[in-house]
Amino acid sequence: MTWWHSAVVYQIYPRSFADSNGDGVGDLRGIIGHLDHLEALGVDVVWLSPVYRSPMEDNGYDISDYTDVDPLFGTLDDLDALIAGLHERGMKLVMDLVVNHTSDQHPWFVESRDRTSTKRDWYIWRPAREGFEPGTPGAEPTNWGSFFSGPGWQYDPASHQYYLHLFAASQPDLNWENPAVRREIHEMMRWWVDRGVDGFRMDVINLISKTYPLADGPANGPGGLCYDPSLVVEGPRLHEFLQEMNREVGLADKQLFSVGEMILVDVDAARSHTDPAAGELGMVFTFEHMSIDSAPGGSKWDVVPLRLPALKANLAHWQDGLADVGWNSLYFENHDQPRSVSRFGDDSPEFRVPSAKTLATTLHLLKGTPYVYQGQELGMTNAGFTTIAQYNDLESTRFYAEAVAAGADPARVLDVIGFKSRDNARTPMQWDASPHAGFTDGTPWLPVTPNHGEVNAATALADPDSVFHHYRRLIALRHEREVVRHGRFALLLPEDERLFCYTRTLGEEVLLVVANWSSGQVALPASLPSRDGAELLLGTHASTADDLAGWESRVYLLAQG
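Taking my numbering, the leading residue of the sequence shown gets 390, the next gets one more, and so forth.
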């Protein structure tokens, strides 16, 4: 078994974690100053969101130099110190790898704008649509829309052609068909591994292989644009490209951590990418459960109430689908998702703590590698912003502008953004109750969530019954018990609207997880496995009654025989 099967990953979004120099933006020295927090939590791996040189059009996911640190975050020496500090504490560092696209300020792209350059073919350039004047509406080579709205092509007057950008116009897509591009990326990855990095989280990695020839898709968006991501995922050479990367960088040979963010990935594709025999990735991030509260066929902004049976069915589908081949990544939060306690739980003063604990219990007792996003271990909530001016996220502000321009009620649009915006996860980490939550001595780049006086690390560490200490116990349970790591999963009560219950079984050892995903008291059905003689390994409440209190959860080790 590979080492990450027993690991727990902690994601750090650097600009929001801790600011060491008072400029209002988190940095590497700030992270180094809080390594004891991570060690106390007990995590094994730190995934660091991008700290590379960048114009910061998309908060660092638009990279202009893959082998340097942006001065906003510090220096390469600082990064070396972070790697050393983590390794000294028995933790590993995983870097974000963003290689579907670069910044338009990357020297490769700057050079590619010259049609005679040897780097012209490093990006995807195309002439205007036949019969159209270049640069005019509708002249784009295809009708593809970008994930950030608007056309997926940008006209470049200097070279009289368009370049493809599946995200922002400042993020041109690399041409992975070009072997020179792939060699350069492999060399860069090896450079980071030689520096001490222990693996990579690969951003939108299943977009790197395009299906040629590039062609129009069904017009399902404003202006006749096609917003069908199935046209650009899982291209025909994706397996080849990932196998080549694994081989050239030594992902398997060096036991490097690898997880691919994969849009629209299904169980079959995930199995094919994470089967050790395939020689590709250690695991993938799935998105299906992150769409469970969006209307079918709609966007993330088409919010519908969560139905617990649907969420259970999806998570069980992945547990069963990757039971024998591949490996699951387990997450409810990251830098692109709102806070889970506000989204799936109950962030009211009465239930914030128990619901944060119960969400954690439900997730961490599943089979796979759990991910903890910074502040999740404190039960941090959504931001509670009241005006669009408070938002920084490009996706959110563009959606607001377009929706309001199309006649939507601004207050309603703001409510939806307040629930689903990526900025909910990007507010500063709440270290203490001081004016800026201990994040900075300056003015934070994004407003601090108002409840930081009650919800912060200092308070949590001092309270043995806090969300933080519950996470610490969950992580310890995974480290201690083989059944948590490799036990067989079986969903119970699939249609129950309030209870999320399942077992994990390894040999004679059986764990029973019972979780009340509601604020009301719920009786445990007699149809559940008997708890007579069972050992309560972990619970959110002191009670052991047959009824679960609102947002109560328990983990039992059932008696044998």
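Everything labelled a hint here was simulated from the structure, so no lab data went into it.
All figures in this text were calculated on a predicted structure; none of them were measured in a lab.
Note that the Cβ used here is the ideal one computed from N, Cα and C, for glycine as well.
A portion of the hints provided could be inaccurate.
Here are the computed distance ranges between Cβ atoms for each label pair [unchecked claim]:
| id | residue 1 | residue 2 | range |
| --- | --- | --- | --- |
| 1 | Glu522 | Gly411 | 44 to 54 angstroms |
| 2 | Glu566 | Glu739 | 31 to 41 angstroms |
| 3 | Gly613 | Ser908 | 24 to 34 angstroms |
| 4 | Arg696 | Thr775 | 22 to 32 angstroms |
| 5 | Gly909 | Ala699 | 13 to 23 angstroms |
Next on the checklist: To test your reading of the hints: which numbers does this structure violate?
Outcome noted: Numbers 2 and 3 - these are the hints that the structure violates, sorted from lowest upward.
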